[in-house]
Each structure stands twice: as C-alpha cells, then as structure tokens.
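Visitor: Residue strings, one per chain:
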Amino acid sequence: MKKDLTRREFIKGSAAAASLTALGLPKKNYAWTAGSDKLKIALVGCGGRGTGAARDCLTSSEGVEIIALGDLFKERLDSCRANLQDLGDKVKIIDNKCFTGFNAFEYVLMSGPDIVLCATPPGFRPFHVRAAIEAGKHVFMEKPIATCPTGVRHVMETAKMADSKGLGMLAGTQYRHHGGYQEIMNRIHKGEIGKLTICNAYYMMGQLWNVPRKPGMSDIEWQIKNWLYFTWLSADQPAEQFIHNLDIMNWVNESHPAKVNALGGRQVRTDPAFGGVYDHFAIEYEYPSGAKVHGQCRQMDNCFNKVCNYFIGTEGSAYTEGFNDPVGWIKKGDKIDYVGGKFSPYVQEHGDFIKSLRDGKPLNEGQQVAESTLTCIMGRMAAYTGQEITWEQALNSKLDLMRDIRSFGPMECDAVAMPGRTPLI
Amino acid sequence: MNSVHINGSDTIQVGLIGCGGRGTGAAHDCAASSDGVKIVAMADLFPDRLNGSRENLKGLGDKYGVTDDMCFTGFDAYQKLLATDVDMVILATPPGFRPVHFAAAVAAGKNIFMEKPVAVCPTGIKMVMDAGKIAKDKGLAVVSGTQRRHQKSYLETMKRIHDGAIGKIIYADVYWNGGELWSVPRKPDMTDMEWQLRNWLYFTWLSGDHICEQHIHNIDIANWAMQAHPVKAFGMGGRQVRTDPAYGAIFDHFAIQFEYPDGQVVHSFCRQTDNTHSNVSEFVVGTEGKSDPGGWIRGKTDYDWKGDQAPYVQEHTDLIASIRAGQPLNEAQRVAESTMSAILGRMVAYTGQEITWDQAMDSKLNLVRENVAFGPAMPEIVAMPGRTPVA
Numbered sequence: 013m014k015k016d017l018t019r020r021e022f023i024k025g026s027a028a029a030a031s032l033t034a035l036g037l038p039k040k041n042y043a044w045t046a047g048s049d050k051l052k053i054a055l056v057g058c059g060g061r062g063t064g065a066a067r068d069c070l071t072s073s074e075g076v077e078i079i080a081l082g083d084l085f086k087e088r089l090d091s092c093r094a095n096l097q098d099l100g101d102k103v104k105i106i107d108n109k110c111f112t113g114f115n116a117f118e119y120v121l122m123s124g125p126d127i128v129l130c131a132t133p134p135g136f137r138p139f140h141v142r143a144a145i146e147a148g149k150h151v152f153m154e155k156p157i158a159t160c161p162t163g164v165r166h167v168m169e170t171a172k173m174a175d176s177k178g179l180g181m182l183a184g185t186q187y188r189h190h191g192g193y194q195e196i197m198n199r200i201h202k203g204e205i206g207k208l209t210i211c212n213a214y215y216m217m218g219q220l221w222n223v224p225r226k227p228g229m230s231d232i233e234w235q236i237k238n239w240l241y242f243t244w245l246s247a248d249q250p251a252e253q254f255i256h257n258l259d260i261m262n263w264v265n266e267s268h269p270a271k272v273n274a275l276g277g278r279q280v281r282t283d284p285a286f287g288g289v290y291d292h293f294a295i296e297y298e299y300p301s302g303a304k305v306h307g308q309c310r311q312m313d314n315c316f317n318k319v320c321n322y323f324i325g326t327e328g329s330a331y332t333e334g335f336n337d338p339v340g341w342i343k344k345g346d347k348i349d350y351v352g353g354k355f356s357p358y359v360q361e362h363g364d365f366i367k368s369l370r371d372g373k374p375l376n377e378g379q380q381v382a383e384s385t386l387t388c389i390m391g392r393m394a395a396y397t398g399q400e401i402t403w404e405q406a407l408n409s410k411l412d413l414m415r416d417i418r419s420f421g422p423m424e425c426d427a428v429a430m431p432g433r434t435p436l437i
Numbered sequence: 065m066n067s068v069h070i071n072g073s074d075t076i077q078v079g080l081i082g083c084g085g086r087g088t089g090a091a092h093d094c095a096a097s098s099d100g101v102k103i104v105a106m107a108d109l110f111p112d113r114l115n116g117s118r119e120n121l122k123g124l125g126d127k128y129g130v131t132d133d134m135c136f137t138g139f140d141a142y143q144k145l146l147a148t149d150v151d152m153v154i155l156a157t158p159p160g161f162r163p164v165h166f167a168a169a170v171a172a173g174k175n176i177f178m179e180k181p182v183a184v185c186p187t188g189i190k191m192v193m194d195a196g197k198i199a200k201d202k203g204l205a206v207v208s209g210t211q212r213r214h215q216k217s218y219l220e221t222m223k224r225i226h227d228g229a230i231g232k233i234i235y236a237d238v239y240w241n242g243g244e245l246w247s248v249p250r251k252p253d254m255t256d257m258e259w260q261l262r263n264w265l266y267f268t269w270l271s272g273d274h275i276c277e278q279h280i281h282n283i284d285i286a287n288w289a290m291q292a293h294p295v296k297a298f299g300m301g302g303r304q305v306r307t308d309p310a311y312g313a314i315f316d317h318f319a320i321q322f323e324y325p326d327g328q329v330v331h332s333f334c335r336q337t338d339n340t341h342s343n344v345s346e347f348v349v350g351t352e353g354k355s356d357p358g359g360w361i362r363g364k365t366d367y368d369w370k371g372d373q374a375p376y377v378q379e380h381t382d383l384i385a386s387i388r389a390g391q392p393l394n395e396a397q398r399v400a401e402s403t404m405s406a407i408l409g410r411m412v413a414y415t416g417q418e419i420t421w422d423q424a425m426d427s428k429l430n431l432v433r434e435n436v437a438f439g440p441a442m443p444e445i446v447a448m449p450g451r452t453p454v455a
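Sequences listed follow chains A and B, in order.
Going by our numbering, the first sequence opens with residue 13, and the numbers climb by one from there.
Going by our numbering, the second sequence opens with residue 65, and the numbers climb by one from there.
What the hints contain is simulated information worked out from the structure, not anything from laboratory work.
Just so it is clear, the structure is predicted and the values come from calculations on it, not from any experiment.
Careful: at least some of the hints might be erroneous.
Here are the simulated EDC-like cross-link-like pairs (lysine to aspartate or glutamate), alpha carbons at most 20 Å apart as the crow flies [stated by the list, open to error]:
| # | chain 1 | residue 1 | chain 2 | residue 2 |
| --- | --- | --- | --- | --- |
| 1 | B | K232 | A | E204 |
| 2 | A | K347 | B | D326 |
| 3 | A | K344 | B | E352 |
| 4 | A | K344 | B | D368 |
| 5 | B | K364 | A | E327 |
| 6 | B | K223 | B | D368 |
| 7 | A | K343 | B | E352 |
The task is simple: from the sequences and hints, build the whole structure.
Guide: Structure representation (structure tokens):
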C-alpha cells in the first residue's frame with residue numbers, strides 16, 4: 013500500500029485510481045442492481061454520526077450487512093463496533109476488516125463494500141467520496157460535503173463521475189426524505205401560500221462538546237478530535253449544522269442563492285480550546301426570484317434558542333421544525349393545516365437510496381448537496397470577510413482548505429477571521 | 065417671554081446645548097430654516113468645543129447674536145442656559161444626558177429640538193415619555209432629529225405604502241452597515257470621565273451603542289412603515305474587529321429580528337467595520353409589491369420620487385412653523401418609541417435573550433447618571449450574551 017499518497021495525486025484522480033486498481037480492488041459491476049444479493053456496506057468515520065448512519069442504513073432495508081469499519085482512531089472504531097453488535101446478523105465485521113489510521117479509508121474501499129458511508133469530519137469528505145466513486149462504490153456522505161469552494165467543486169466533479177458510472181450518491185440532508193417536509197414543499201411549490209417573499213431560518217442553540225487537550229497530543233490530533241472548531245475540518249456552524257435549514261431554503265426556493273451578506277463574530281466562545289470558529293452568524297441571502305432568506309445561527313450557552321424555519325408567501329405562510337409529528341404547518345388566512353409524518357428521515361433516506369440502487373436508478377444527490385454546502389460556505393465567507401458575495405464569486409473562489417493529512421504532527425491553529433481584513437479569496 | 069411663542073412677528077431666540085459637530089450643524093440648519101430665528105445662547109461641557117462652535121456660527125451673520133454672558137460651560141451649563149429667556153433650545157449633547165436635559169427644558173418652558181437618540185436605557189425613555197406629555201400640556205413644540213420623518217421622499221413614499229401601494233406589509237429589512245467613526249486619543253492629563261465624554265460614541269451609558277446612536281434612523285423607518293413599535297425581539301451581535309480599549313466596550317455589529325403586532329418581522333443589521341460592504345437603507349415588502357421607502361415603489365402602481373430636499377433643514381422649518389401657527393409639533397412619544405426599539409435591539413444582543421417590549425420597558429436597566437463630574441470613572445464591560453443579565 014502506498015501510504016503517503018499525496019493530496020495532489022488524489023485530486024488528479026487517475027493516479028489514485030491506478031494505485032488502487034493496482035492493489036487489486038475488487039472489480040465489481042458499478043451499476044449494482046441485483047435485488048437478491050446482500051448489499052455490503054462499510055463505514056468510514058466511526059464517530060457518533062457515522063455510527064448512527066450505519067445503524068440507520070442497516071435498519072432501513074432487508075438484505076444489508078456491514079462488513080468493514082475505518083477510523084483514524086482505534087478507540088472510536090472499537091466503540092462503534094460494540095455499539096452496532098445488537099444488530100445481529102447484519103453485522104459481519106471481522107477483525108481484519110477494521111482499519112485505523114489516516115489511510116483507513118483506502119483499506120475500507122478494498123474490503124469489498126457496495127456502499128461506503130462517509131462520515132469523517134467534513135474536511136476529508138471530498139477526498140473520500142472521490143476515492144469511493146473511483147473505486148466503483150455507491151456513496152452515502154454526511155453533510156456538509158466540503159469546507160471550501162475548492163472542495164465543493166471537487167465533489168461536483170465527483171458527482172458527474174458517479175453519474176457516468178451509474179453510481180449513487182446519497183447526502184445526509186435527511187429532511188429531503190421526510191414525507192412531511194416533502195408535502196409542505198410540494199404544496200408551497202404549487203402556490204398554496206402564493207409567491208414566496210421571505211423565509212427565516214434559525215439554528216440558535218448552546219455550545220457543543222469539546223475534547224480537552226492531553227499532554228502528548230499533537231496539534232493535528234487535537235484539531236481532528238476537536239474538528240468542530242476548525243474551519244478547514246468543519247466549515248464552521250453555518251455549514252456544519254445550519255446546512256439542514258439552508259438546504260431546505262434552497263429546496264423551497266428551487267434554486268441556490270444569487271448573493272449573500274452576513275454579520276458574525278466570536279464573542280463568548282473565545283478560549284483557544286475552541287479553535288478559530290465564530291459563535292454567531294446572521295446571514296441574508298437573496299435568491300434569483302428576489303425572495304430573501306434570513307438566517308441566524310448561534311452556539312452560546314444560556315441564550316434564547318430557536319431551531320426552525322418559516323416560509324412567508326404573499327398569500328400565506330408555512331413552518332417546519334425538526335421531525336416530530338407534526339413537522340410543521342401551512343397557514344392561509346385563519347386556517348392552519350398541520351402536516352405530520354411519524355418516521356425517521358435518517359432511516360428513510362437510506363431506505364430510499366437502497367431502493368434506488370436495487371431499482372437500477374441510483375439516486376445522485378451530489379450536485380444538490382454540493383450547492384447547499386456552497387450556500388452555507390458563502391454565508392460564512394460573507395461574515396468572515398464583511399463582503400457581499402455573489403454565487404458566481406463563491407463558486408469560482410480559489411479558497412482552498414483541503415488538506416490531505418496523512419500523519420500526526422504540528423499544525424497552526426486557524427486565525428480568527430476579521431471582517432474588513434480577512435481577504436475574500 | 066411667553067413660552068408658547070406664537071407671535072409670528074417676533075424673532076425666535078434659540079439656545080444651543082451641546083456644541084459638537086451635530087449641535088453646530090443643527091444650529092446652522094435651524095437658522096437656515098426660517099426667517100426671524102436667532103442663535104443667542106450656547107452651552108457645552110467643554111470651553112474648547114463651545115469656542116470652536118461659536119466661531120463657526122459667526123458665519124450666520126445677523127442670525128447669530130451670542131454675547132459672552134450667554135455662553136455657559138461645565139456640567140451645569142444647560143441649567144444656566146435654560147434660566148435665560150430663550151424661546152427654544154437645541155439639545156445635542158451625547159444622548160446619555162438627553163432625558164435629564166429634555167425634562168429640564170420642558171420644566172423651563174422651552175420649545176425643543178432634540179437630537180436622536182433621546183435616551184440610552186428604559187429608565188431614560190420613561191423620563192422622556194413623561195416629559196413629552198408635560199410638553200404637550202404646556203403647548204411646547206418638540207421635534208427630534210430623526211429627519212427622515214421630514215424628508216419629502218420618505219413622506220411621499222410612505223404615504224403611498226400606507227395607502228396600500230404594496231398591499232399588506234409582510235416584512236422589512238433595515239440596514240446601517242458602514243465603517244468606523246472618529247475617536248479622540250487619550251491625553252496624559254485627561255481624567256477617565258473626560259476621556260469617556262470626549263469619546264462618548266463608545267460608551268453605552270452615553271451613546272446607547274451604535275444600534276441606538278446611528279441605526280435608530282432606519283429602525284425609526286421600520287416603526288413608521290409598520291405604524292407601531294415592535295412587541296418583541298431577539299438577535300445577536302459582538303465586538304469582533306474594533307476591540308481596542310480606545311473604543312470603550314460597545315459592539316461593532318448587531319443583527320436583530322423585531323416582531324411587530326401583526327406578526328410581521330423586521331430584520332435589522334448594523335455594523336461599524338472599515339473595508340466591509342456598506343449599505344444604509346430600508347426595504348419594505350408587501351403582498352403586492354416592494355419599496356425603498358426613501359423613494360420608490362414597485363407594486364400596484366409604481367412610484368419614483370424625483371427631486372431633492374435637505375431634510376436636516378426641513379425638520380427645523382416644520383418645527384418653527386408649528387410654533388408660529390400655535391399648533392406645536394410634539395414628536396417626543398414617537399422618537400422615544402423609536403429609541404426604545406433600538407435599545408431593545410441592543411438589550412437582546414447584549415444578553416442573548418428574547419425580550420418583549422413590555423419586559424424591556426419594565427426593566428430596571430438605568431444608565432441615567434446625574435451629578436457627573438470629572439475624575440475617575442468605571443470602565444464599561446463588554447457584554448457577553450448568555451452571561452450579561454437583562455436587568
């Protein structure tokens with residue numbers, strides 16, 4: 013195994029594919045359709061969300077089993093493996109298909125899966141989904157799918173490759189697979205609340221976990237274990253968390269935004285333990301139709317919390333929040349119509365995906381989630397720089413945070429962005 | 065002299081309290097606005113500011129008539145000026161002093177032009193509202209420096225909005241995103257208090273923070289469009305770039321969402337950060353159209369304001385005409401509500417909480433300081449949402 017495959021080689025793609033093929037990657041049919049076969053899945057990134065995604069995938073459909081795990085850290089892999097044990101004969105993980113270290117994902121790809129679940133910190137996502145598609149695997153990828161415009165473009169290219177190979181790409185923007193959301197979106201698209209004028213989206217909540225730095229931890233280990241707080245790894249809150257809402261905003265507007273302005277800062281969560289990310293953002297998007305989206309996201313303890321979406325049209329309004337039953341309502345005049353749906357979209361998305369593979373019509377959400385990720389990233393960029401940014405500027409931005417890290421060692425902490433000084437790249 | 069000055073032939077004698085840039089400008093605007101107006105008295109804490117302003121106002125020719133014995137300095141200068149027989153005063157000190165000065169001017173029976181904002185805390189707001197009612201009872205005119213209310217482009221456009229040109233209002237966005245403002249370097253002999261007063265923009269007890277001091281213009285337009293004040297607000301803000309202690313403890317950006325009685329939402333953005341995207345405007349969207357209330361409508365009937373007009377002069381023209389007509393304008397309650405809307409925005413950003421109008425009005429937050437003197441002064445502490453209490 014070529015252990016120090018560089019990032020540039022990976023971006024070239026062909027070099028990476030050649031190296032993997034040379035190592036005897038199983039040459040399975042890319043367009044997997046045979047309904048009778050067991051579908052083999054493998055998980056790359058065994059944290060909380062990855063473990064959850066594996067469970068969701070396994071419970072979503074019959075004839076699915078997990079055969080391999082990969083994670084940078086052995087302790088995360090072990091706890092994931094233990095967690096999944098209760099799923100019985102759907103778990104077919106043997107010791108020599110558990111891979112750790114920076115190259116674990118390459119070994120996972122060689123372990124014979126049909127579907128690879130990519131759930132590492134988002135900064136690694138573009139590399140991993142490219143390698144998986146090149147290796148002929150269907151991909152589930154957690155959101156966000158990149159942390160910078162360069163990474164977004166990389167995934168957009170990968171999505172085209174997947175199309176041409178007949179491979180599926182499912183994204184972890186699970187609301188797209190929730191029946192209640194689908195109903196509300198459909199009814200809005202059919203004009204039930206008139207023309208959309210403004211939508212308001214919120215992800216205002218408390219602080220999240222962090223892992224204290226232990227003596228002996230290298231910079232890179234510390235950053236990766238605290239990936240939420242490093243923009244190159246998490247993309248910061250607008251993309252890492254608020255993407256759920258902003259993806260819905262693109263969905264309801266049937267477009268990505270035309271431009272963005274934003275304010276933000278690092279006001280309370282200023283300890284270096286929290287890297288260089290902000291703790292609050294207020295983002296204003298304008299869509300090609302002229303409709304606006306206002307978004308506020310915050311991670312501060314003991315503040316007013318609000319996580320939901322409002323859609324205001326010329327003839328009514330609608331609302332969604334989480335995925336409890338009901339998930340929201342549509343209001344017109346005095347009439348309010350609650351929309352329900354008692355199921356987990358986290359499971360549903362995998363069910364939809366596997367059905368699409370078995371039907372021979374693989375879902376490919378790559379371009380869609382890449383656009384939603386860029387929507388979030390351009391909001392972050394507008395806040396960090398203080399500039400107004402158009403979609404074209406963001407899409408063509410040379411900002412490149414992709415780091416194909418292959419060993420622990422020293423790494424400088426991100427500088428905290430300063431609007432008016434941080435350049436728009 | 066009769067405090068209710070209605071005799072059109074008499075000259076209106078005007079005293080200026082607060083001789084900084086805006087006060088001097090307001091005196092010029094007042095003099096330019098009407099015949100029969102004369103600046104006759106001046107008051108400022110600092111002799112250097114008074115003298116500089118006095119030199120400037122000499123350019124007004126026969127509308128200037130300030131004698132040495134009508135110049136007052138020190139912390140009690142406003143009281144001395146109010147004890148003279150001027151008909152009208154311009155209140156243009158830092159806003160923290162406004163409630164006390166306004167109440168004193170009303171008590172002294174003066175007609176009043178007062179710069180915005182008119183307070184920096186709910187306690188001050190209530191003082192202004194109370195004094196505004198007394199002014200009404202006394203027949204005194206009160207006009208505030210929210211000059212867009214006297215600007216024809218706004219008046220004509222807003223009238224059409226209220227007549228239904230864009231249907232029912234759904235939401236509005238208001239912005240004051242601009243660069244940094246001036247500051248006065250601290251000299252070795254400056255006491256804390258002198259330093260704070262000369263850099264009043266950067267101290268919440270003096271300016272109300274920039275959402276109140278500057279962005280009030282746009283928030284006032286939101287209230288005008290909605291024909292109401294907000295019922296509640298939440299939002300965020302911080303001190304991200306302008307962090308040097310020279311800039312006191314105020315924030316450099318705010319993003320607030322106000323909710324109005326019919327559920328409409330107003331988004332407010334303000335920022336004072338150099339080399340960032342600038343936008344000072346308002347935008348209103350209705351069921352049947354949209355408008356920049358400063359001059360255009362795209363809706364059932366399109367409208368474009370054509371023309372030019374100096375609103376800073378017009379507000380004085382309107383004020384003085386109302387005095388002479390014996391129908392004194394009284395904007396105290398309205399500008400107090402607009403100021404309070406901005407204060408509410410600051411409070412939600414400083415604390416991180418959602419706060420209703422009634423909660424804010426009932427809050428014990430009191431930044432009004434009487435008996436201010438030169439000497440040591442407590443520094444303000446930068447607000448930390450989630451930790452700073454609502455009070």
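Visitor: Of all the hints numbered above, which does this structure not satisfy? Sort the numbers upward.
Guide: Per hint list: single violation, 4.
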